[in-house]
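**Q** Chain order of the listed sequences is A and B.
Residues in the first sequence are numbered consecutively from 1, following UniProt numbering.
Residues in the second sequence are numbered consecutively from 1, following UniProt numbering.
Among the hints, erroneous ones may be present.
Claimed, not checked - Calculated pairs, SDA-like style, for lysine to any residue (alpha carbon to alpha carbon, straight line, at most 25 Å): (1) A:Lys180 with B:Trp252; (2) A:Lys190 with A:Ala176; (3) A:Lys46 with B:Leu193; (4) B:Lys55 with B:Lys84.
Unchecked claim - Quick partial rundown of chain B residues pointing at chain A, CB under 8 Å, derived from the structure: (5) Leu15; (6) Asp100; (7) Tyr101; (8) Thr102; (9) Arg105; (10) Thr149; (11) Gly150; (12) Lys154; (13) Thr181; (14) Pro182; (15) Glu194; (16) Ala198; (17) Gln249; (18) Tyr250.
These aren't lab readings, by the way, just hints derived from the structure by calculation.
Backbone N, C-alpha and C fix where the C-beta goes; we use that ideal spot for every residue, glycine too.
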Amino acid sequence: MSHPRRPGNRKNVKKGFQFTLMVVGASGLGRTTFINTLCDAEVVPKRECEEPEMAHIEEGIKIKPYTVELDEDGVKISLTVVDTPGFGDMIDNEYCFQEILGYLEQQYDDILSEESRIKRNRRFRDNRVHALLYFIAPTGHSLREIDIELMSRLSPRINIIPVIGKSDSLTPGELADFKKRVMEDIAHHKIPIYNFPYDPEEDDDETVEENSELRSLLPFALIGCEEEVTVDGRKVRGRQYPWGVVEVDNPQHCDFVKLRYALLSSHFQDLKEITHDYLYENYRTEKLSRSTDSASDNDSGEEDEHSRLKEEQMKKEEGKLKEIEDRVQRELKEKQQELWTKEQQLMSLEAAQVQVQ
Amino acid sequence: MVSTQAGAGIGIANLPNQRHAIASKKGSNYTILLCGESGLGKTTFINTLFTTTIKTPKTYKRRFNNTAEKTVEIEIIRAELEEKQFGVKLSVVDTPGFGDYTNNRDSWMPIIDFIDDQHESYMRQDQQPERLELSDMRVHCCLYFIRPTGHTLKPLDIEVMKRLGTRVNLIPVIAKADTLTPTDLHKFKKRILEVIAAQNIQCYTFPLESDDEASTKRNMNIMAAMPFSVIGSTDDVQTVDGRTVKGRQYSWGVAEVENEDHCDFKKLRQLLIRTHMLDLIHSTEETHYETYRRAQMETRKIGEAKVKTVTNPKWKEEEEALRKRFTEQVRLEENRFRSWEQQLIAERDRLNKDLEAEHSHIKALESELESMQVGLSPKQRK
Numbered sequence: 001m002s003h004p005r006r007p008g009n010r011k012n013v014k015k016g017f018q019f020t021l022m023v024v025g026a027s028g029l030g031r032t033t034f035i036n037t038l039c040d041a042e043v044v045p046k047r048e049c050e051e052p053e054m055a056h057i058e059e060g061i062k063i064k065p066y067t068v069e070l071d072e073d074g075v076k077i078s079l080t081v082v083d084t085p086g087f088g089d090m091i092d093n094e095y096c097f098q099e100i101l102g103y104l105e106q107q108y109d110d111i112l113s114e115e116s117r118i119k120r121n122r123r124f125r126d127n128r129v130h131a132l133l134y135f136i137a138p139t140g141h142s143l144r145e146i147d148i149e150l151m152s153r154l155s156p157r158i159n160i161i162p163v164i165g166k167s168d169s170l171t172p173g174e175l176a177d178f179k180k181r182v183m184e185d186i187a188h189h190k191i192p193i194y195n196f197p198y199d200p201e202e203d204d205d206e207t208v209e210e211n212s213e214l215r216s217l218l219p220f221a222l223i224g225c226e227e228e229v230t231v232d233g234r235k236v237r238g239r240q241y242p243w244g245v246v247e248v249d250n251p252q253h254c255d256f257v258k259l260r261y262a263l264l265s266s267h268f269q270d271l272k273e274i275t276h277d278y279l280y281e282n283y284r285t286e287k288l289s290r291s292t293d294s295a296s297d298n299d300s301g302e303e304d305e306h307s308r309l310k311e312e313q314m315k316k317e318e319g320k321l322k323e324i325e326d327r328v329q330r331e332l333k334e335k336q337q338e339l340w341t342k343e344q345q346l347m348s349l350e351a352a353q354v355q356v357q
Numbered sequence: 001m002v003s004t005q006a007g008a009g010i011g012i013a014n015l016p017n018q019r020h021a022i023a024s025k026k027g028s029n030y031t032i033l034l035c036g037e038s039g040l041g042k043t044t045f046i047n048t049l050f051t052t053t054i055k056t057p058k059t060y061k062r063r064f065n066n067t068a069e070k071t072v073e074i075e076i077i078r079a080e081l082e083e084k085q086f087g088v089k090l091s092v093v094d095t096p097g098f099g100d101y102t103n104n105r106d107s108w109m110p111i112i113d114f115i116d117d118q119h120e121s122y123m124r125q126d127q128q129p130e131r132l133e134l135s136d137m138r139v140h141c142c143l144y145f146i147r148p149t150g151h152t153l154k155p156l157d158i159e160v161m162k163r164l165g166t167r168v169n170l171i172p173v174i175a176k177a178d179t180l181t182p183t184d185l186h187k188f189k190k191r192i193l194e195v196i197a198a199q200n201i202q203c204y205t206f207p208l209e210s211d212d213e214a215s216t217k218r219n220m221n222i223m224a225a226m227p228f229s230v231i232g233s234t235d236d237v238q239t240v241d242g243r244t245v246k247g248r249q250y251s252w253g254v255a256e257v258e259n260e261d262h263c264d265f266k267k268l269r270q271l272l273i274r275t276h277m278l279d280l281i282h283s284t285e286e287t288h289y290e291t292y293r294r295a296q297m298e299t300r301k302i303g304e305a306k307v308k309t310v311t312n313p314k315w316k317e318e319e320e321a322l323r324k325r326f327t328e329q330v331r332l333e334e335n336r337f338r339s340w341e342q343q344l345i346a347e348r349d350r351l352n353k354d355l356e357a358e359h360s361h362i363k364a365l366e367s368e369l370e371s372m373q374v375g376l377s378p379k380q381r382k
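The following block holds chain B by itself, in its conformation from the complex (with noise of 0.2 Å):
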């Protein structure tokens, strides 16, 4: 082996920046899907972390009007932010519908099924012939958000947590934490972290050592923090000493949402963009991806459909609908092909009188012919 020392290098050493240039140039492309009961403030904290409106608040408006549907559906918003020249393709994964109704049996399919998908779908355009332009929807990082009940986990949220942990990187969250007092929130955490652990669930885990100290320390201090408890807000509100923060103000105070000793907004954020962004990214790819490639390619032969062993309900009632029609259609079908039958028949049973009339008159014009002839033949005679 050759080595080259330091000094007047001939730049091999230039190539972390030749990537750099590279990637920056290419941009990234990040997905967060966001699971969670509706109302637990899952949109404010999308708009909170990018500061900037990217998912626009709920209507109420038309809320009396689609009562009949009860599904979990998949809404995809997508972004692209830009922060000194390098691009992001952020795509927003929220599930609308999950946990609100009585029976949430199930309720899990469509969220586990779209990650399935995602990863379905990269494989499928990695196995074709032309694979330049694929476009990535895998899932980066799922954070499920938790109500701050200040008991335990329900167990919905240890069905799907369960299931979400061996697909994606789950990141348990407490939401709207600014209803739980410091000692009721410790203890929230801790019962939570006990149950995870009990039930196997798997979440995100990183690796905590690093080059320098201070990275180090701080990896530890974000995994202490785990599950975060975070409060959204996407407004300026003044404190009691005259800073301007984001925050929400009631009557007794105001809740920052960046104060450390409020919320885990903060290491969630570094989390979630600043230091370990990538990190998620790669394990999506590395980790998840390949078990769910390995899953599926010793099962199934290259080129073949996946088999969908469960079925949305929304898609029921269309498969439902369709299968109607076609019944409807052979049924008119075959009604046809009966009355154009029984019209030949009717025709040839016609026909058959008809010849069996003229059979008969022949018949009788013989009979009378031969009476004839034997009138004939005694006068003959005589």
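Next up, chain A with everything else stripped away, as it sits in the complex (with noise of 0.2 Å):
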């Protein structure tokens, strides 16, 4: 369906794939631990823990992008990792949402109006971030509300994966019930994840089948680390517990292999189509249409205020003409009174002549 290695494609492959994944979830889930394991790497430093004393003081989500240089297999990937400490943390977090909402349409509207532009600038860096990992906090019940909501609102405008975070507090029985669980929250308030598409008439069955096992185990359930324990003589990168090893690598105790092969080797090509195609045309769109809206409304304002002027002004002379015939009309009856006291008097005058005669 989509690899990026098609044969041939030496130039590509010597320059290097761009992609940009964010990853959103309460502090304490091990998303940074998570990012350093992607890419092998301390590319996020250790949260500092703030003094004890400033403990009660709620900071605000903060958005932190950091770039990093991997390779796979051969082909070079700039990996941009945006971190989103802080979310979640507040005793009220209504604000958060915007804050990421704000961010991903930033990188939007950066875009749109580069596009705009009449000379172009061929170095510009898209920053679009093409898919977003959701950390669910493994309580084994079901999705919280800030957990939907986060989904539902940023869902227009991202890829969103969402991902079970230290997986290794939920036994085999109860990682399968509380993976069911949350896929059935997400049906129930209709949220559209990125769900690895494929297209039974269409595609192979090779990548049907691929597709089909990662749908499946969505929420992956992941475990992060850095350090190196000793198991059985050989060396992995796991969690040492008085009770056993939780290994990384190993695909019974976590889903992070898979994931890490489906972000940046198999998929990250269809994620980035996905959002340009699809998620950044509708936005474009969105945006578009809501500023022609505005300039429509704008003109028949002006024609109102036009006619509304009119009206005003024939009301104005209307009044004028009133006043006017108001006044003639008085003038008038005043003359017929004093024609009608001159006539009494001339016929008063005319009586008494009379009489003397």
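Bring the two chains, given one by one in their own frames, into a single complex with the hints.
**A** Have a look at this one:
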């Protein structure tokens, strides 16, 4: 379907691909460790705990991008990871969603304005985020309100892949139940996540199988670890508990390996395409139609203004005419009165004359 | 002072035994409050602690129905436990909805109100003329479940714990501790203790010194383990070396509940039940209740009702509904009166008109009469 290593495409391979990934989740779910495990290096420094006296102060959400160069089987990938520390940590988290949404839309706006320029900048860096990994807390129950809110609000703008952080707190039975319930919740609230889409008729069997397998693993159970421990003589990346060692790269312990492969090798092209052809196009359409709507509103407003002015003028003139009319009538009446009194006088004079005669 | 020496005493020393007989017949009340976000293993913990299903696990079938109400509820589960003919009336108070929403501001109010209400209720019962059958639901201990982030306490945790610590015996507990490696756990505990000290949160402490050395040592052990890391499980699993224990079975091993290397469950159980249950009950009655009573007595007279400062959103809705109904009723009555008034006015106008008509009729007759008289008199004159 979409494999970056097309034979003969050596120019691309040499230049490398660019991929931007955002990681969102409450603190303490293994976000930072995951990023470092994914890149196999300490990309994001460990969180420095603030002073105990300041622990009650709520810091807002921060958005921090880090860029790292990876080499996947000879293919160079310039990976930008955007971390979001502070999400969900406050008492009131209503503000967090807007921050992240604002960042995503900002990237789209930049591309939009760049595209509309007369002379485009060839070195323009595309900072659009291609995928968002949302870390769900391993409660073992179902999705919480903040999870549903975030995924609903951000899914129109970005591919969301839900993952379970610190999944080593769930036994295999509990994990399977939890995954099932999370997917039920997502279906119930009609949240459009990235679920490795495939077409059973168009795509070949291998692609269908690959994608349906990845789909069945959703949400991915993740464990992150940067240290190495020794198990049975081999050195592995894992967490040492008194009761055993959890291995990060063991597909039976967690889904890290599969997710890494999907993100960096098999599906990142698909994610980029969906971001550009579908999500960005939708945003563009919405934004442009919003601005034209407001423009036409302005025009009709002007017309209204015009007609209103005219009406007002007419009213004024009508008023004036009426005034003149009233005045004329009054004068007429006065004159009539005068005439009448004069007539009376004349008549009385006449009568007097007649009497004298 | 007269003192009786050992040997053939008169039996004063038998008083503790008599006390014991009375106490064991009466049984005891024990109320535990569980506070924390959902999914931290509170229900499992309680069931593990009392090795019986006190609270049934959550059902998921109805979770799609009720999404509108965003309130913190208080759920009380009562159980009667009996061991060797000693009975305990156990009440477990759960707080579903706490910390689960996007906006959790003031979500601790229902919990604080509940604790205060129990003190209040006991106080008022105590002031009644008849005070034999007192129902005592004062909270003896509050377990606050902390999410095992490995970093530090969240602002929400700090806010709530500050308020809880001054009203009830607060015991912080690190939930689902099988997520943290021993080094992570150690760092996390140290961090939490630092924050608790810096933020002046009052946690439960008890006297360490005791009669015998073993108890003192045990007490110190228990205190040193605060906040307690817990793993809860009611299932029996097989370990690698063939033992059957209560624990959680992972692909990489079995985390055991009662293994002191794995978690502090045993120490917490000791604290809650075996050794310090009485101290918890007493300190609630003596310290916390007295503090509340003192504060209330200073400002209120006996028999006066408590001033309610905050409204629970749930009650607010009902209050709104009642108020609406009330204004509706008042409006209807007013309308009725108005229309009645209008009717009366219309009646009056009608009668007035009739009266006027009669008047004018009379006048007409009068003037007719006059004209007839006038007509008569000139004739008479001629």
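**Q** What hint numbers does the structure not satisfy?
**A** 5
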